[in-house]
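S.K.: What follows is the residue order along each chain.
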Amino acid sequence: KQEVTQIPAALSVPEGENLVLNCSFTDSAIYNLQWFRQDPGKGLTSLLLIQSSQREQTSGRLNASLDKSSGRSTLYIAASQPGDSATYLCAVPSGGTDKLIFGTGTRLQVFP
Amino acid sequence: DAGVIQSPRHEVTEMGQEVTLRCKLISGHNSLFWYRQTMMRGLELLIYFNNNVPIDDSGMPEDRFSAKMPNASFSTLKIQPSEPRDSAVYFCASSLALQGSNQPQHFGDGTRLSIL
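Top to bottom, those sequences are chains R and E. Anchor point for the first sequence: position 44 equals 44 in my numbering, and the numbering is continuous, going up by one each time. Anchor point for the second sequence: position 11 equals 11 in my numbering, and the numbering is continuous, going up by one each time.
The shape of chain R in the complex, shown without the other chains (with noise of 0.2 Å):
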């Protein structure tokens, strides 16, 4: 049974600061990984998506490593803003189904 496990829970930065989010799982047979983010009050929002034959994807300030045979992956943010501060979560698919496993996520707050 895949599981998902993200550390840290939460995170308290200063602005400016380089970030790393971690999330770990199982079973390393997937076809693939995503990141999305989370605001209060709000549904998710997809940020990458890695495919299993990839090994980082990046979008403006973010990165995405997969790294499938040890099971982890990393988002990388750069230069942490205030606007970044939200829920950030990591899942990847059930078997070679379309079923998402999540993480339980890092609640990232960057401050002033």
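In short, the hints are calculated from the structure, not lab data. Among the clues, some could well be false.
[As the list claims (entries may be wrong)] Some but not every residue of chain R turned toward chain E, in silico, with C-beta under 8 Å:
{"no.": "1", "residue": "34"}
{"no.": "2", "residue": "42"}
{"no.": "3", "residue": "43"}
{"no.": "4", "residue": "44"}
{"no.": "5", "residue": "46"}
{"no.": "6", "residue": "49"}
{"no.": "7", "residue": "97"}
{"no.": "8", "residue": "98"}
{"no.": "9", "residue": "99"}
{"no.": "10", "residue": "100"}
{"no.": "11", "residue": "104"}
{"no.": "12", "residue": "111"}
[To be verified] Calculated pairs, DSSO-like style, for lysine-lysine (alpha carbon to alpha carbon, straight line, at most 30 Å):
{"no.": "13", "chain 1": "E", "residue 1": "24", "chain 2": "R", "residue 2": "99"}
{"no.": "14", "chain 1": "R", "residue 1": "99", "chain 2": "R", "residue 2": "42"}
{"no.": "15", "chain 1": "R", "residue 1": "99", "chain 2": "E", "residue 2": "68"}
{"no.": "16", "chain 1": "R", "residue 1": "1", "chain 2": "E", "residue 2": "78"}
{"no.": "17", "chain 1": "E", "residue 1": "78", "chain 2": "E", "residue 2": "68"}
{"no.": "18", "chain 1": "R", "residue 1": "42", "chain 2": "R", "residue 2": "1"}
{"no.": "19", "chain 1": "E", "residue 1": "78", "chain 2": "E", "residue 2": "24"}
{"no.": "20", "chain 1": "R", "residue 1": "68", "chain 2": "R", "residue 2": "1"}
{"no.": "21", "chain 1": "R", "residue 1": "42", "chain 2": "E", "residue 2": "78"}
{"no.": "22", "chain 1": "E", "residue 1": "68", "chain 2": "R", "residue 2": "42"}
{"no.": "23", "chain 1": "R", "residue 1": "68", "chain 2": "R", "residue 2": "99"}
{"no.": "24", "chain 1": "R", "residue 1": "99", "chain 2": "R", "residue 2": "1"}
{"no.": "25", "chain 1": "R", "residue 1": "99", "chain 2": "E", "residue 2": "78"}
{"no.": "26", "chain 1": "R", "residue 1": "1", "chain 2": "E", "residue 2": "68"}
{"no.": "27", "chain 1": "E", "residue 1": "24", "chain 2": "R", "residue 2": "42"}
{"no.": "28", "chain 1": "E", "residue 1": "24", "chain 2": "E", "residue 2": "68"}
The beta-carbon is built from N, C-alpha and C at its ideal position, and this holds for glycine as well.
Go by the hints and put chain E onto chain R.
M.R.: Relative to chain R, chain E alone:
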């Protein structure tokens, strides 16, 4: 371009009442997912459809829950009768499922359901 649209945004009702949650997919998408989010259990998939056909309903809690896709762009999730433990935020997401291609899921803003 309109995203996934859910209604209502908030629903408060008494135990035993029927609850209907609605979702409009992004135009052109062919996969539809219903999720439930609670503090205790996080985000869980209830059911998902591909081309209007239910593919996996193993997350549906019990027979009180039912989901339909009357057409390719719309879905409902019904709870009858509702119970206080059904209180949660219910999200709908859609994606374009292509063979051999991984596409991200796009989420609506959710329905916050409170059963008294």
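S.K.: With reference to the structure, classify each hint as holding or not holding.
M.R.: Hint check:
1. Hint status for residue 34 of chain R relative to chain E: holds, with the closest Cβ pair at about 6 Å, below 8 Å.
2. A least Cβ separation of about 6 Å between residue 42 of chain R and chain E falls short of the 8 Å threshold, and the interface hint therefore holds.
3. Of the supplied interface hints, the one on residue 43 of chain R holds, with its beta-carbon coming within about 4 Å of a beta-carbon of chain E, less than 8 Å.
4. Among the interface hints, the one on residue 44 of chain R holds; its C-beta lies about 4 Å from the nearest C-beta in chain E, closer than the 8 Å criterion.
5. The interface hint given for residue 46 of chain R is met, as the beta carbon of that residue sits about 4 Å from the closest beta carbon of chain E, less than 8 Å.
6. Against a cut-off of 8 Å between C-beta atoms, the interface hint on residue 49 of chain R holds, since the closest Cβ of chain E lies about 5 Å away.
7. At a threshold of 8 Å, the smallest CB-CB gap from residue 97 of chain R to chain E is about 6 Å, leaving the interface hint in force.
8. Hint status for residue 98 of chain R: holds, given a least beta-carbon distance of 6 Å to chain E, under 8 Å.
9. The beta carbon of residue 99 of chain R comes within 5 Å of a beta carbon in chain E, closer than 8 Å, and the hint placing it at the interface holds.
10. The beta carbon of residue 100 of chain R comes within 6 Å of a beta carbon in chain E, closer than 8 Å, and the hint placing it at the interface holds.
11. The restraint placing residue 104 of chain R at the interface with chain E holds, with a minimum CB-CB distance near 5 Å, inside the 8 Å limit.
12. With 8 Å as the threshold, the beta carbon of residue 111 of chain R stays out of range of chain E, its nearest partner Cβ sitting at about 24 Å, so the hint is violated.
13. At roughly 19 Å between alpha-carbon atoms, residue 24 of chain E and residue 99 of chain R fall within 30 Å of each other, so this suggested pair holds.
14. Distance hint between residue 99 of chain R and residue 42 of chain R is fulfilled; the C-alpha atoms sit about 21 Å from each other, no more than 30 Å.
15. Only pairs whose Cα atoms come within 30 Å are accepted, and residue 99 of chain R paired with residue 68 of chain E is accepted, the gap being roughly 17 Å.
16. Our distance criterion of 30 Å between C-alpha atoms is met by residue 1 of chain R and residue 78 of chain E, whose separation comes to about 28 Å.
17. Proximity of residue 78 of chain E to residue 68 of chain E is assessed by CA-CA distance (about 9 Å); at most 30 Å being required, the pair is judged to hold.
18. Between residue 42 of chain R and residue 1 of chain R, the direct Cα distance comes to roughly 29 Å. Compliance with the 30 Å bound is thereby established for this hinted pair.
19. At most 30 Å may separate the alpha-carbon atoms for a hinted pair to count; residue 78 of chain E and residue 24 of chain E meet this at roughly 15 Å.
20. The straight-line distance between the Cα atoms of residue 68 of chain R and residue 1 of chain R is roughly 16 Å, inside the 30 Å bound, and the hint therefore holds.
21. The suggested pairing of residue 42 of chain R with residue 78 of chain E holds, with an alpha-carbon distance near 21 Å, which does not exceed 30 Å.
22. Taken as a hint, the residue 68 of chain E and residue 42 of chain R pair is honoured in the structure, with Cα atoms around 24 Å apart against an allowance of 30 Å.
23. With a CA separation close to 18 Å, the supplied pair residue 68 of chain R and residue 99 of chain R stays within the 30 Å bound.
24. Taken as a hint, the residue 99 of chain R and residue 1 of chain R pair is honoured in the structure, with Cα atoms around 13 Å apart against an allowance of 30 Å.
25. Taking the CA atoms of residue 99 of chain R and residue 78 of chain E, the gap is about 20 Å. The hint holds against a cut of 30 Å.
26. For the hint linking residue 1 of chain R to residue 68 of chain E, the alpha-carbon distance of about 27 Å falls within 30 Å, and the restraint holds.
27. A C-alpha spacing of about 16 Å is found between residue 24 of chain E and residue 42 of chain R, which places the hinted pair at or below 30 Å, so the restraint holds.
28. Simply put, residue 24 of chain E and residue 68 of chain E have alpha-carbon atoms about 12 Å apart, close enough for the 30 Å limit, and the pair holds.
In terms of the numbered hints stated before, the structure departs from hint 12 and from no other.
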